[in-house]
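Participant: Residue strings, one per chain:
4 protein chains.
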Amino acid sequence: MAKSRFEYVRTYEQDQILLPNTYIVIRLDGRGFHKFSAHYKFTKPNDIRALGLMNKAAFCLMKQISDICGAYGQSDEYSFVLQRRCRLFDRREAKLVSTFASTFTAYYQFYWNEFFPDQPLDATLLPSFDARAVQYPSLTELRHYLSWRQADCHINNLYNTSFWALILKGGETEKEAEHSLMGTNSSDKNELLFSRFGINYNNEDPVFRKGTMLIRDMAKASSATPEPDLKDEMPLQEKSKRQAEREEKRRRKAEIVELHEDIIGDGFWNESSKWLS
Amino acid sequence: MAKSRFEYVRTYEQDQILLPNTYIVIRLDGRGFHKFSAHYKFTKPNDIRALGLMNKAAFCLMKQISDICGAYGQSDEYSFVLQRRCRLFDRREAKLVSTFASTFTAYYQFYWNEFFPDQPLDATLLPSFDARAVQYPSLTELRHYLSWRQADCHINNLYNTSFWALILKGGETEKEAEHSLMGTNSSDKNELLFSRFGINYNNEDPVFRKGTMLIRDMAKASSATPEPDLKDEMPLQEKSKRQAEREEKRRRKAEIVELHEDIIGDGFWNESSKWLS
Amino acid sequence: MAKSRFEYVRTYEQDQILLPNTYIVIRLDGRGFHKFSAHYKFTKPNDIRALGLMNKAAFCLMKQISDICGAYGQSDEYSFVLQRRCRLFDRREAKLVSTFASTFTAYYQFYWNEFFPDQPLDATLLPSFDARAVQYPSLTELRHYLSWRQADCHINNLYNTSFWALILKGGETEKEAEHSLMGTNSSDKNELLFSRFGINYNNEDPVFRKGTMLIRDMAKASSATPEPDLKDEMPLQEKSKRQAEREEKRRRKAEIVELHEDIIGDGFWNESSKWLS
Amino acid sequence: MAKSRFEYVRTYEQDQILLPNTYIVIRLDGRGFHKFSAHYKFTKPNDIRALGLMNKAAFCLMKQISDICGAYGQSDEYSFVLQRRCRLFDRREAKLVSTFASTFTAYYQFYWNEFFPDQPLDATLLPSFDARAVQYPSLTELRHYLSWRQADCHINNLYNTSFWALILKGGETEKEAEHSLMGTNSSDKNELLFSRFGINYNNEDPVFRKGTMLIRDMAKASSATPEPDLKDEMPLQEKSKRQAEREEKRRRKAEIVELHEDIIGDGFWNESSKWLS
Chain R
4 MAKSRFEYVR TYEQDQILLP NTYIVIRLDG RGFHKFSAHY KFTKPNDIRA
54 LGLMNKAAFC LMKQISDICG AYGQSDEYSF VLQRRCRLFD RREAKLVSTF
104 ASTFTAYYQF YWNEFFPDQP LDATLLPSFD ARAVQYPSLT ELRHYLSWRQ
154 ADCHINNLYN TSFWALILKG GETEKEAEHS LMGTNSSDKN ELLFSRFGIN
204 YNNEDPVFRK GTMLIRDMAK ASSATPEPDL KDEMPLQEKS KRQAEREEKR
254 RRKAEIVELH EDIIGDGFWN ESSKWLS
Chain Y
4 MAKSRFEYVR TYEQDQILLP NTYIVIRLDG RGFHKFSAHY KFTKPNDIRA
54 LGLMNKAAFC LMKQISDICG AYGQSDEYSF VLQRRCRLFD RREAKLVSTF
104 ASTFTAYYQF YWNEFFPDQP LDATLLPSFD ARAVQYPSLT ELRHYLSWRQ
154 ADCHINNLYN TSFWALILKG GETEKEAEHS LMGTNSSDKN ELLFSRFGIN
204 YNNEDPVFRK GTMLIRDMAK ASSATPEPDL KDEMPLQEKS KRQAEREEKR
254 RRKAEIVELH EDIIGDGFWN ESSKWLS
Chain Z
4 MAKSRFEYVR TYEQDQILLP NTYIVIRLDG RGFHKFSAHY KFTKPNDIRA
54 LGLMNKAAFC LMKQISDICG AYGQSDEYSF VLQRRCRLFD RREAKLVSTF
104 ASTFTAYYQF YWNEFFPDQP LDATLLPSFD ARAVQYPSLT ELRHYLSWRQ
154 ADCHINNLYN TSFWALILKG GETEKEAEHS LMGTNSSDKN ELLFSRFGIN
204 YNNEDPVFRK GTMLIRDMAK ASSATPEPDL KDEMPLQEKS KRQAEREEKR
254 RRKAEIVELH EDIIGDGFWN ESSKWLS
Chain H
4 MAKSRFEYVR TYEQDQILLP NTYIVIRLDG RGFHKFSAHY KFTKPNDIRA
54 LGLMNKAAFC LMKQISDICG AYGQSDEYSF VLQRRCRLFD RREAKLVSTF
104 ASTFTAYYQF YWNEFFPDQP LDATLLPSFD ARAVQYPSLT ELRHYLSWRQ
154 ADCHINNLYN TSFWALILKG GETEKEAEHS LMGTNSSDKN ELLFSRFGIN
204 YNNEDPVFRK GTMLIRDMAK ASSATPEPDL KDEMPLQEKS KRQAEREEKR
254 RRKAEIVELH EDIIGDGFWN ESSKWLS
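Chains as they are written, first to last, in my numbering: chain R, 4 to 280; chain Y, 4 to 280; chain Z, 4 to 280; chain H, 4 to 280.
Think of the hints as simulated: they come from the structure by calculation, not from any bench. Computed from a prediction, not measured in an experiment: that's the story for all the values here. The reader is advised that the hints may include incorrect statements.
Identical copies carry no separate label here, and so any pair may be met within one copy or between two of them.
What the hints assert, rightly or not - Each computed DSS-like pair below joins lysine-lysine, with the alpha-carbon atoms no more than 27 Å apart:
#, residue 1, residue 2
1, Lys-38, Lys-59
2, Lys-277, Lys-38
3, Lys-44, Lys-66
4, Lys-66, Lys-223
5, Lys-38, Lys-244
6, Lys-256, Lys-44
7, Lys-252, Lys-223
Input sequences plus hints: build the corresponding full structure.
Facilitator: Listed below in structure tokens is the structure:
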């Protein structure tokens, strides 16, 4: 095609390329979900429909983009983990974050009616998400990242469970509930929930307490001919095209498993090779 | 709230901040729209419904984000222009591109049924968009950027109009049409359209030939007390909070005007002060 | 040449490219010059030898690198201004800052003996400089940048002149002098210098009060055939090779002029076209 | 101190921060050393004085900046390795590369007379160096980086040794020598050196064949109370101030050892814990 004399403005486009061989985490956050959840009358402290919809959208994104090996979600956020050797979009940051945010939004909206059949979306307040990419050079940091998000889930959920019990069952105002919880630690809150409201926090739904971990279970996707041990290869050694296609196929076939369990302790990480191969 | 010992992983988050006082253009592109447009049977060479939906989504995004002063769209792409002094999201690149991509997607999907009432979206192929941010230090470059996109619209549309005339009206195969157009210049194609198919290209719908320019017309939004001349102020001088709120209000009230005209020549730019204030 | 299998590590090299068509300022700062100036017994509050050496090194750097169109220095810092359209080192940030820092250091050390004949450098404390690159999209900001540095020179020099007058002529300790100046404004210090020490600050050496501005005076370098007016050309339009060589030649021939005058007011900037063409 | 109204221009300064917990390599390269080495009549194919001076400057830089744990040099280049957890200059890229380039230049020039007593530097051609920073997320990549530079040293030196033997001993012109070596592999060159000039390449000075590796030998610097095992700690866990000072002291006391041996094979890396702790 012919080119115009204005073409030179392309030279101003600068791609931010993420460093090779780091774990990339792309975290999506709901925009203005405080207002959004009020507008669509989300149940307090947790709305199982809203969490289900988040998980559905994340699941669909993982199905579509096979480079995602795992994802962790809680509240209105979702973190997607890409393999160290991932080359999706040549590791261009803007392309990664915009595509993830857009595609997730599309699924979230598409499945809205399935999860909120009585609450149609209206044009004045549509769901949207921003995204950021973070790089972690080692597995330890990736583990600590996911642990950070789950610890955050725990801290927030214990607080919110107590806060809304005081309001919904204890008849306190939001102000009073906030005051009641000031200075309390975890065991104070556990005690309060149990003694005043008969709630054993540990019996709360794990999806509330632990969030949701999605993993692409490559163990179950193993083909007849196992992959050769890759440990000693160079980090970025090119694979043959055929090898790459075979791996892509395995990733597409692999089952995506949903977990609501502890991802901080060793148990989860002892088996991480099956999704973080 | 309590913090976990994993909190340190936050220090790995690095924000790419766009330079102050440059024009920021955020361009969205449809992901895989070749396949998408075939799947949903878009009319060739142009589908007025699809362009209408793009314009609707862009209009809604401009309504929601008042920092956008103008936008240009054609085919499956849309470019949004932010003022030099814009501080939206502290000019963080990832936040800007992900939010624009997500929000545009939300509107595009929400209004789909209005533009394609007989063609419901199905889960196997949802619309999504990637985005990039480009910085232009001077008005000349911004003008050249928009000119580049409109020149691109012209070149592509003239080609596509000829290509599909050869197929739909001339009975050629795609291969043959491609061959017929090889080596032709603009006037060859104009001549071909006219002599063989009686089509005067200049009478084609301007939205096809020129694309769509949306401007936030601040001239019509002027309040009784006009803004003082800002020419001599320092580029980043802080405005008082009240000034900022008043300007925000004016931007929200301003009409968004849709144009399908030449944006390369001086005519359009002689009046640019009304939207690029 | 043959390549080794380790070559892939090159892909980790990421160049930070400065945006096209912005003014680039590269500012060098002496490393640990508080200690350095004490070690080599610099005169207080200003050492004319040290400033002369800074100016000499800056002059030599401008002679060597013809892309530099101007430079401003004071104390142990020097800022070098590159044209908007400058393409030196493809605008790679690391290459620019490291080369400027290294080359300036080489000249500073080479001419040391000329300015400090009685004070040879010793290996335990050699002069070195760090550097940073800053981008300014408009001429206004470049002007404000240079104004900022000269205002800084003024503020510091007035303080230091007063401080050392109190010590060297007033017999105060450093502590006492610091205390004497606490809360004083400019006119207080002017008054103090005059009334107590008979010093009219405005008669102090301009190199102390105003710092040093070096400009590459292209007006005097103009060839018989004048350059065509470039105002309307595209910012990055390619010049012919011959044009580029001719301009390079003109830049090399141009005289570098040393000024010690006000660079904040309009006077200096009304004539800026001769060096900032 | 008072601030001027121009202070806002500081907001345009953007620091590029290197990712935490990656190995940082800063590689310096001589600027225009082809011309420089001809000007100062360096011996061909290797000048032992020039290499000695490079090593001296690198040694001094390591002495001054204790964060450097190792360095590898050959020809007119030197690569400095920083620990993963290094926080020197808050990992600001421009500050790192400019400081390294400047300080290395200062030492190189200062010790010039010691290595080239009969060849004083002249102002028309002073030595200078540029620098770049590269990040490697894993030890494997760092090892491959250093292996790459040593393989490069080997390939170049074998070529240059053959090339200059053909000229200096074989009486060929540069053109002829280039032609003679076209298409030869390593063993061809070894054979040529031996059969035509009686040179056993493996007996050449190791500093030519292997380059120079400097390591900060922490093993010999160990204090009575050994450091606790740090393997399980978080990558960025804060050390107590006392711990940090103690480690700094140990690093300053540690001997810097100069090696001219193979750094590609396992032998060197089996003992890497003593400098890459």
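Participant: Now tell me, hint by hint, if it's right for this structure.
Facilitator: Hint check results:
1. Lys-38 with Lys-59: both (22 Å within a copy, 24 Å between copies)
2. Lys-277 with Lys-38: The answer is neither: 39 Å in one copy and 34 Å across copies each exceed 27 Å.
3. Lys-44 with Lys-66: between (30 Å within a copy, 25 Å between copies)
4. Lys-66 with Lys-223: within (16 Å within a copy, 49 Å between copies)
5. Lys-38 with Lys-244: between (48 Å within a copy, 24 Å between copies)
6. Lys-256 with Lys-44: For Lys-256 and Lys-44, the Cα distance exceeds 27 Å both inside one copy (38 Å) and across copies (29 Å).
7. Lys-252 with Lys-223: Cα proximity of Lys-252 and Lys-223: one copy only (13 Å, versus 53 Å across).
Comparing the model with each numbered hint stated earlier shows that hints 2, 6 do not hold.
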